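J.: Taking the UniProt record's numbering, I'd label the letters of the sequence shown as residues 1 to 131.
Because the hints were derived from the structure by calculation, they are not lab data. Computed from a predicted model, the values in this text were never measured in an experiment. Do not take every clue at face value.
With a cut-off of at most 20 Å between alpha-carbon atoms, the simulated SDA-like pairs for lysine to any residue come out as follows [unchecked claim]: (1) Lys40 / Val27; (2) Lys40 / His87; (3) Lys93 / Asp33; (4) Lys40 / Leu104; (5) Lys40 / Lys93; (6) Lys93 / Ala13; (7) Lys40 / Leu103; (8) Lys93 / Leu104; (9) Lys40 / Arg90; (10) Lys40 / Arg115.
Distance windows between CB atoms, simulated [what the hints assert, rightly or not]: (11) His94 / Gly24: 35 to 43 Å; (12) Arg30 / Asp62: 26 to 34 Å; (13) Asn2 / Trp61: 24 to 32 Å; (14) Leu45 / Asn5: 17 to 25 Å.
Just so you know, even glycine gets a beta-carbon here, dropped at the ideal spot from N, CA and C.
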Amino acid sequence: MNVFNEAPQGIQAAPHDPRIVAAGYQVAVREVDLSRVRDKESLMLAFLRGLALTESFGRNWDALYDVLTDPDARPARFALVLCDYEHFRRRHKHLGAELERVLLDAQRDAAAQGRCLWLLAEEPASDPRHW
1 MNVFNEAPQG IQAAPHDPRI VAAGYQVAVR EVDLSRVRDK ESLMLAFLRG LALTESFGRN
61 WDALYDVLTD PDARPARFAL VLCDYEHFRR RHKHLGAELE RVLLDAQRDA AAQGRCLWLL
121 AEEPASDPRH W
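I would like the entire structure built from these sequences, with the hints used as guidance.
T.: This is how it looks when you write it as structure tokens:
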């Protein structure tokens, strides 16, 4: 089943080749690489890079929420691919829980605006998926 056939709901496993699949559904895709995250600062830097934000990005939870829900900053149909997500969650339990809260709040509020925010977890090809 294709994740883009349904309304976004939680953090879902990314399909194989998410950019190609998303293009067929007119969904814009950005990837955030979590493999090098060590702390909150490096996490915010990963989002700055992945979302192609400017250096004026506040690098805090509120700023991240704002860029994900800003209709002028994100397309109405947008997928965020979280690369190495499960490993990140295992390495950084507290940070991962905070990130998940912000992402799910943004997803819920985007839906309230009539927008779609898919949150897709992608693991390296050599790792089995446990979904």
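J.: With reference to the structure, classify each hint as holding or not holding.
T.: Results of checking the hints against the structure:
| no. | hint | verdict |
| --- | --- | --- |
| 1 | Lys40 / Val27 | 28 Å, violated |
| 2 | Lys40 / His87 | 16 Å, holds |
| 3 | Lys93 / Asp33 | 17 Å, holds |
| 4 | Lys40 / Leu104 | 18 Å, holds |
| 5 | Lys40 / Lys93 | 12 Å, holds |
| 6 | Lys93 / Ala13 | 19 Å, holds |
| 7 | Lys40 / Leu103 | 15 Å, holds |
| 8 | Lys93 / Leu104 | 16 Å, holds |
| 9 | Lys40 / Arg90 | 15 Å, holds |
| 10 | Lys40 / Arg115 | 27 Å, violated |
| 11 | His94 / Gly24: 35 to 43 Å | 38 Å, holds |
| 12 | Arg30 / Asp62: 26 to 34 Å | 19 Å, violated |
| 13 | Asn2 / Trp61: 24 to 32 Å | 31 Å, holds |
| 14 | Leu45 / Asn5: 17 to 25 Å | 34 Å, violated |
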